[in-house]
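S.K.: Fit chain B to the known structure of chain A by using the hints.
2 protein chains.
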Amino acid sequence: MTITVAIDCMGGDHGPQVTVPAALEFVRDQPDVRVILVGLAERICPLIGDVAIGRVVIHHASEVVAMDEAPSVALRTKKDSSMRVAVSLVKSGEADACVSAGNTGALMGISRFVLKMLPGIDRPAICGILPTMNGHTHVLDLGANVDCSPEHLLQFGIMGASLVSAVEHRDRPTVGILNIGQEEIKGNDVVKRAAELLWDSGLNFVGNIEGDGLYKGQADVVVCDGFVGNVALKSSEGLAQLLATFLRQEFRRNLLTKLAAVIALPVVNRFKNRVDHRKYNGATLLGLKGIVVKSHGSADAFSFGQALQRAAEEARSGVLLRISERVAQQQQPLLEIA
Amino acid sequence: MTITVAIDCMGGDHGPQVTVPAALEFVRDQPDVRVILVGLAERICPLIGDVAIGRVVIHHASEVVAMDEAPSVALRTKKDSSMRVAVSLVKSGEADACVSAGNTGALMGISRFVLKMLPGIDRPAICGILPTMNGHTHVLDLGANVDCSPEHLLQFGIMGASLVSAVEHRDRPTVGILNIGQEEIKGNDVVKRAAELLWDSGLNFVGNIEGDGLYKGQADVVVCDGFVGNVALKSSEGLAQLLATFLRQEFRRNLLTKLAAVIALPVVNRFKNRVDHRKYNGATLLGLKGIVVKSHGSADAFSFGQALQRAAEEARSGVLLRISERVAQQQQPLLEIA
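Top line first, the protein sequences correspond to chains A and B. The first sequence begins at 1 in the numbering used here and counts up one residue at a time. The second sequence begins at 1 in the numbering used here and counts up one residue at a time.
Chain A with its partners taken away, still in its complex shape:
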């Protein structure tokens, strides 16, 4: 089976300079994929040059959604934007998934408008991956929803568990809820009620996870509202940047420390490679009738390539079907009672 990924080539801080080389590398690496490069053809073509392009299609789109454009404006006025066309290719079935490094709000709005929600899911959630002591964990929502009901958090749990079980072939991934203490009495009312729903859901729910527990691998999937998830993610990023800056400054302090830096370089490089956030690039917009992956806006080609791989992997493993089945199963007992 060939997997087709539509790529919004104009999105992100660097646009085609990054997205096109990453796409070409991606088709070279993965023999079962083809890509549709969506965007201004006059910007994309020169970057392809004389590369033999068996599985590469260029799909011209005349407009570009700016990184700081209001999502509502992008949705209403730019019907031929590279972002919207890429999403529409998923809707029409011409692509199995799409990837964009563009404006998150616009991508969310367009995806929701064009693809619609899966039955039984009220809202899309952004699901990202964080490294942990013993592997990685999936966290959602990372910023699509600033106010969530307990039912939304339950749906996030179902979607996250379905994603992990499809992509990582795991039977019953563990699910936790982000909270400010491990005891059941902790947290606000929404979180407490959501925990009750999750205990009763049939998911492999493990209860409350504190902020530091995110990185300890205490659950395969951690649910939270988008405000909290976004703050957790970004404050971690901020601290990582602070630590990296301070470490660099110390190694550059004088001749002696610079010598130490040269000697420690292989170790530091292994460390950097291990915690390289680029490896975790690519957040899935879950809950839609189609696979949409959001790349970080500042992604480089390596990083954007990770998002492409994630999209292909989700298409291969039938994530959408898995979520739909799980949601239907969840609704079953309710229907029987009714």
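No wet-lab data here; the hints were simulated from the structure. As the structure is a prediction and not an experimental result, all values here were calculated from the model. Hints are not guaranteed to be accurate.
Chain copies aren't distinguished; within one or between two, either way the pair holds.
[Claimed, not checked] Okay, derived cross-link-like pairs now, BS3-like style, lysine-lysine, Cα gap no bigger than 30 Å in a straight line: (1) 91 / 216; (2) 216 / 279; (3) 258 / 216; (4) 279 / 289; (5) 91 / 192; (6) 79 / 258; (7) 279 / 186; (8) 186 / 116; (9) 91 / 79; (10) 192 / 279; (11) 186 / 79; (12) 91 / 186; (13) 272 / 216; (14) 91 / 279; (15) 289 / 258; (16) 91 / 116; (17) 289 / 186.
M.R.: Only chain B this time, still in chain A's reference frame:
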């Protein structure tokens, strides 16, 4: 002027083993302070031994609040706990401030019950310090309030700014609000409304701060609800632990990396010292009619000493008066309108 600090010696993971030596070091270092060591005298006395104790008083308290005890139970049943007695010494004026490494919920409940709130402040907030690229920032609330109204967030801003301006002798410290984007349209309704109040408050408000902005020093004071603040703090801690563990593992990988570690040791130590979280220990419970500082439960003597210094510094600089004046000033225009 002598500053008297009441210390709950029984609180924290290590109890008197940590709190008593830290207290003795503290009086040795600071000629203008005296301490009241509150707790089981039979546990405290042996640790003092034959140290000349001019400015050290032991105040026996027969009960201990357990770290995992329900705050309501501690408040209702343990009238002679070291925590409650320490707080009561502030209430009676025998101490200018108190410090505890005990159960946060119990300390909050007891402090609120015994000391009461300052006029014009509805709820206490936990205010902590985080390191930034260019110094440090004060963040509140870090976990006292899981649901906040816009008015509460405004009060946090006033209290945080008053604290910084008193302790750090700064005229108009900058105040930001933690949000998930820098644009004004971002965030949930509470945060948007709080930002409006803060713009109109006369504080030096700088608008939205994202999670990563916490560590960039974008504001001297950052306000948020306690759920979000707690998650931001703990997820940062979790990531720091992850990075430290990975770096250690890489340096211990084989003989060659161990050699590199020895050579890099002075640099790594300088780095560790610079980001040493122990230096930032001591969170203030703001909004009460008295100074209460909460130390991390796992604090060692150095770390607990930082919390003691913070308490003394706040007492010296008249933080409570500063907050009261600022709150009164805030209410002035409202009264005039009414």
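S.K.: Now tell me if each hint is right for this structure.
M.R.: Results of checking the hints against the structure:
1. 91 / 216: So residue 91 and residue 216 fail the 30 Å test inside a copy (38 Å) and across (41 Å) alike.
2. 216 / 279: both (18 Å within a copy, 24 Å between copies)
3. 258 / 216: The answer is between: 26 Å across copies meets 30 Å, while 33 Å in one copy does not.
4. 279 / 289: within (26 Å within a copy, 50 Å between copies)
5. 91 / 192: neither (37 Å within a copy, 35 Å between copies)
6. 79 / 258: Answer is neither; intra-copy 54 Å and inter-copy 59 Å both fail.
7. 279 / 186: Between copies, since 28 Å is at most 30 Å while 34 Å is not.
8. 186 / 116: between (35 Å within a copy, 23 Å between copies)
9. 91 / 79: Within. Shortest intra-copy distance 14 Å satisfies the 30 Å Cα cut-off; inter-copy 66 Å does not.
10. 192 / 279: Cα proximity of residue 192 and residue 279: none, with 33 Å in one copy and 34 Å across.
11. 186 / 79: Between copies, since 24 Å is at most 30 Å while 46 Å is not.
12. 91 / 186: between (42 Å within a copy, 29 Å between copies)
13. 272 / 216: both (19 Å within a copy, 21 Å between copies)
14. 91 / 279: within (28 Å within a copy, 54 Å between copies)
15. 289 / 258: neither (53 Å within a copy, 52 Å between copies)
16. 91 / 116: within (9 Å within a copy, 60 Å between copies)
17. 289 / 186: between (35 Å within a copy, 26 Å between copies)
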